[in-house]
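Heads up: the sequence lines are chains A and B, in that order.
Here the first sequence is numbered in my numbering, starting from 1 and rising by one per residue.
Here the second sequence is numbered in my numbering, starting from 1 and rising by one per residue.
These are computed hints drawn from the structure, not numbers from a lab.
On a predicted model such as this, the values are computed, not experimentally measured, just so you know.
Be careful, since some hints might not be right.
To be verified - Under the rule of at most 25 Å between Cα atoms (straight-line distance), these lysine to any residue pairs were calculated in the SDA-like manner:
{"id": "1", "chain 1": "B", "residue 1": "K444", "chain 2": "A", "residue 2": "S211"}
{"id": "2", "chain 1": "B", "residue 1": "K301", "chain 2": "A", "residue 2": "A70"}
{"id": "3", "chain 1": "B", "residue 1": "K389", "chain 2": "A", "residue 2": "F245"}
{"id": "4", "chain 1": "B", "residue 1": "K301", "chain 2": "A", "residue 2": "D88"}
{"id": "5", "chain 1": "A", "residue 1": "K155", "chain 2": "B", "residue 2": "G403"}
{"id": "6", "chain 1": "A", "residue 1": "K91", "chain 2": "B", "residue 2": "G233"}
{"id": "7", "chain 1": "B", "residue 1": "K452", "chain 2": "A", "residue 2": "T94"}
{"id": "8", "chain 1": "B", "residue 1": "K452", "chain 2": "A", "residue 2": "C148"}
{"id": "9", "chain 1": "B", "residue 1": "K371", "chain 2": "A", "residue 2": "P100"}
{"id": "10", "chain 1": "A", "residue 1": "K220", "chain 2": "B", "residue 2": "T420"}
{"id": "11", "chain 1": "B", "residue 1": "K301", "chain 2": "A", "residue 2": "P272"}
{"id": "12", "chain 1": "A", "residue 1": "K93", "chain 2": "B", "residue 2": "K371"}
{"id": "13", "chain 1": "A", "residue 1": "K93", "chain 2": "B", "residue 2": "G403"}
{"id": "14", "chain 1": "B", "residue 1": "K444", "chain 2": "A", "residue 2": "K93"}
{"id": "15", "chain 1": "A", "residue 1": "K220", "chain 2": "B", "residue 2": "T173"}
{"id": "16", "chain 1": "A", "residue 1": "K108", "chain 2": "B", "residue 2": "A378"}
{"id": "17", "chain 1": "B", "residue 1": "K76", "chain 2": "B", "residue 2": "K301"}
Listed here are the chains, written in short residue letters.
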Amino acid sequence: MREFDLAVIGGGPAGMAAAISAREAGIENIVIFERDTRLGGILNQCIHNGFGLHTFKEELTGPEYAERYAVRVEELGIPYELGTMVLDISKDKTVTIISPSRGVETVKAKAIVLAMGCRERPRGALGIPGFRPQGVYTAGTAQKLVNCEGVIPGKEVVILGSGDIGLIMARRMTLEGAKVRAVVELMPYSSGLKRNIVQCLDDYGIPLMLSHTVVDIKGKEKLEGVYVAAVDEKNNPVPGTEEYFPCDTLLLSCGLIPENELSRSAGVALSPLTNGPYVDESLETDIEGVFACGNVLHVHDLVDFVSEEAVRAGRNAAEYIKGKPANPGEPVEVIPCNGVRYTVPSRLYTQSVTEGVHIRFRVTGVYKGASIVVKCGDDELFRRKGRIFVPSEMLDVVIKPEKLTGVTGRITVEIEEGAK
Amino acid sequence: MYDVLIIGAGASGCAIARELSRYELSVCVVDRESDVCEGTSKANSAIVHAGFDCVPGTLKAKLNVRGSEMMPELSKQLDFAFLNNGALVLCFDEAQIGGLEELAERGRKNGVKGVKVISGDEARAMEPALTDEVAAALYAPTSGIVCPFELTIALAENAFENGAEFRLGCNVTDIRKTDSGFTVLTDKGELEAKAVVNAAGVYADKLHAMVSTQPLKITPRRGEYMLLDKDAGGLVEHTIFQQPTKMGKGILVSPTVHGNLLLGPTAEDIDDKENTATTRGGLSEVRAKAGLSVKGIPFGKAITGFTGLRAVGDTHDFIIGECPDAKGFVDVAGIESPGLTSAPAIGEYVRDIVVGILSPAEKSSFKSERKGITHMAALSVEEKNEMIKKDPAYGTIVCRCEGITEGEIREAIYRPLGATTLDGVKRRTRAGMGRCQAGFCSPKTMALIAEKLGIGIGEVKKNGVYGSEVSVDA
């Protein structure tokens with residue numbers, strides 16, 4: 001049986017950055033398992049620019065951003081196995097893989113980094129009634145068809161959901177000659193980044209219909225059109241507000257789900273808030289030596305933050321492999337409170353903290369002039385006022401290690417409201 | 001001139017084709033869709049009913065019980081998924097327990113083995129997720145579940161292997177009686193046959209009216225369903241029914257043979273034979289009523305919803321037989337529930353009718369067995385590695401949710417009567433049927449289909465001939 005110090009599951013931005021940082025921390029015996037035919041993951045189909053502003057201080061396309069890391073993987077001589085799907089991970093860190101070249105094989109690893117990314121929420125999960133014709137795609141599937149296969153799904157498009165991929169695809173379809181009639185969003189705010197609304201919708205005159213949803217799909221074999229209606233505060237369609245949009249394509253950009261089937265089979269505890277593993281400040285899951293980073297842990301807004309997180313996961317996995325002693329003491333629970341949907345990590349081993357601790361989270365609504373406050377009981381550990389906090393942006397606060405000295409029990413992360 | 005032309009490539013039509021392929025007969029199956037199993041057969045509860053709720057003495061009762069008896073052996077012969085998981089019919093009201101006793105008695109009269117009435121607590125001991133409101137239940141140990149696509153495709157493939165011809169994408173527009181039989185007009189030209197079998201589902205009345213003046217009316221009864229992720233499939237082990245009403249067997253909660261959880265159907269008589277749309281009201285009714293039977297159904301795990309149309313005849317029984325005013329024209333109409341269960345028995349029953357008309361000789365070369373598509377996930381590690389060694393395509397996972405390999409998809413596309421559409425691949429292999437609903441695997445599957453058909457990826461269709469291409473020109 002082949003044995004590795006570190007097995008990285010997934011060769012996208014998270015997996016590559018984790019493998020690189022583990023190698024740079026001195027781990028030689030690493031493998032990256034990647035199911036696709038090249039490294040880079042979903043970045044390979046993201047041919048638009050805007051990646052890397054934080055990491056490289058320049059604007060790159062997705063494939064260019066991936067290339068930077070793939071080149072580094074090559075330079076460092078980190079082995080990676082393409083066309084390789086991980087079928088199973090067990091608690092003792094044996095990994096079962098399948099590939100055309102090696103068949104089904106079981107390998108052993110001292111540590112594992114989970115970096116499998118996420119998938120899109122399909123139509124069935126949204127419960128949109130109507131026919132099931134050809135012409136309904138998730139935005140990412142359409143992106144793959146257009147950008148990688150050179151296939152344009154249709155000429156007249158409605159997009160449900162204002163996630164970033166949907167916004168990007170509104171622009172892409174427009175540039176490819178299609179007419180994008182509207183982007184329809186259930187919530188009263190967009191789930192995509194402001195810059196994407198400006199650059200992908202506003203610049204092309206594509207309307208964003210907030211607090212609306214698709215209530216019926218017409219066309220038995222081939223999509224003919226959709227009915228869009230306004231929704232009330234409880235997100236129920238308001239009768240009488242239906243408007244018919246003829247279209248041959250409906251794209252869905254209604255949320256991403258961390259892809260944790262393997263984590264689950266390994267017995268990793270998952271958070272119902274993020275759909276990703278519970279981790280501590282070192283990004284270690286509740287199984288010793290199994291770390292998680294990137295979109296499999298929680299859905300990020302920018303790939304730059306994925307890379308940054310993955311660097312930490314890789315480095316901490318290296319420390320673990322090198323025999324770092326077990327975490328001392330009881331963990332401090334991190335509790336999301338008012339206005340905070342979740343936090344990553346969900347627990348901190350405060351006694352082993354030697355550097356600033358990142359706490360990442362998203363807010364539950366739009367907050368203007370509010371403050372992020374991290375507290376332990378009545379003690380304030382962190383406070384930052386912001387002009388505006390929106391659910392589409394992942395927030396990141398760093399708690400200084402000296403603030404955590406002696407902290408036990410639980411700490412809370414909340415939004416202290418200014419005007420809502 | 002064919003000896004027999006079967007109109008409709010659903011479960012009944014394909015079962016009849018298979019039975020007739022045992023004889024020295026030229027048999028042709030026509031269907032307007034581009035694949036078999038595109039109508040009622042693809043959208044139903046996927047249950048092999050025990051046979052306790054059919055009125056004794058009816059054709060439904062007879063063919064249900066016979067079909068249910070045939071299914072275990074047939075599933076081995078033809079290599080399709082079948083599981084005998086047993087069923088419970090729930091009663092929520094002490095005062096209605098008599099109704100369960102009546103069902104049990106009917107079951108005994110129909111020859112169904114092992115049916116008995118049990119208490120609510122006994123039922124909850126068998127199925128801990130049943131609600132506290134369950135007062136009693138009928139237990140039917142012979143009830144089962146089946147994959148309706150695999151069943152229909154297996155029957156079709158076996159019929160094909162034994163010489164039956166299939167003309168798909170061929171829509172019948174009219175039928176004329178002639179001296180030697182029938183001329184069947186289609187959008188692809190005229191076909192001649194000595195005998196015609198009308199297995200056209202919700203359209204059986206239209207076809208019947210082309211040759212007969214005897215009244216026959218088929219009402220489409222719409223049934224909406226929700227399918228839940230495999231994570232939820234273990235919630236119940238048995239098929240959970242509610243006490244039947246005039247409109248059918250009520251909303252069921254059942255595992256599928258592939259481990260998903262199926263909820264439905266609603267029952268609503270409609271006029272439109274094409275209306276397979278789901279509705280907001282229908283889906284919420286499914287949720288509400290399923291919740292009466294079983295606690296803690298994770299509706300958030302829904303991966304798809306769909307609607308089927310049951311072909312309901314006006315006699316409350318299957319209408320199977322030669323038309324008195326059109327000799328040689330055999331109706332197989334009103335095949336509503338338990339139609340799927342009965343399909344193999346309908347095959348035998350109609351075979352006997354046709355054999356009576358044409359008196360053919362039996363073939364010595366009939367092959368009763370059919371090998372299904374390789375299912376990698378079901379193989380041992382050694383078997384998997386042997387497959388991959390022979391053909392590395394079996395080592396490339398295309399559908400990550402269901403773990404389906406390129407090799408399996410190629411088999412589905414290249415085998416006789418193979419898939420030509422995305423839906424065809426899905427029903428044969430399950431690629432695209434998992435929790436991401438084909439989000440990741442579609443482009444790859446489209447490329448494999450395009451390669452076989454010699455067309456561009458953008459020309460690959462999702463479904464039937466009436467659909468246009470997946471895309472417009474790139």
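Here is how each hint holds up against the structure:
For the given pair, B/K444 sits about 35 Å from A/S211 by alpha-carbon distance, which is inconsistent with the 25 Å threshold. Between B/K301 and A/A70, the direct Cα distance comes to roughly 36 Å. Violation of the 25 Å bound is thereby established for this hinted pair. With a CA separation close to 52 Å, the supplied pair B/K389 and A/F245 exceeds the 25 Å bound. The hinted pair formed by B/K301 and A/D88 meets the criterion: a straight-line CA distance of about 22 Å does not exceed 25 Å.
Taken as a hint, the A/K155 and B/G403 pair is broken in the structure, with Cα atoms around 33 Å apart against an allowance of 25 Å. Between the alpha carbons of A/K91 and B/G233 the distance comes to roughly 24 Å, so the proposed pair stays at or under 25 Å and holds. For the suggested pair B/K452 and A/T94, the alpha carbons sit about 38 Å apart, so the restraint of at most 25 Å is broken. Among the hinted pairs, B/K452 with A/C148 is consistent with the structure: their alpha-carbon atoms are about 20 Å apart, no more than 25 Å.
Between B/K371 and A/P100 the alpha-carbon distance is near 24 Å, which keeps this suggested pair within the 25 Å criterion. Distance check on the hinted pair: A/K220 and B/T420 sit about 19 Å apart at the alpha-carbon level, within 25 Å; holds. This hinted pair checks out: B/K301 and A/P272 have alpha carbons roughly 13 Å apart, not beyond 25 Å. Of the pairs offered as hints, the one joining A/K93 and B/K371 is violated, with about 37 Å between alpha carbons and a cut-off of 25 Å exceeded.
Distance hint between A/K93 and B/G403 is fulfilled; the C-alpha atoms sit about 21 Å from each other, no more than 25 Å. For the hint linking B/K444 to A/K93, the alpha-carbon distance of about 31 Å lies beyond 25 Å, and the restraint is violated. Taking the CA atoms of A/K220 and B/T173, the gap is about 20 Å. The hint holds against a cut of 25 Å. For the hint pairing A/K108 with B/A378, the CA-to-CA distance comes to about 24 Å; that is within 25 Å, so the pair holds.
The straight-line distance between the Cα atoms of B/K76 and B/K301 is roughly 32 Å, outside the 25 Å bound, and the hint therefore fails.
Checked against the numbered hints listed earlier, the structure breaks hints 1, 2, 3, 5, 7, 12, 14, 17; every other hint is satisfied.
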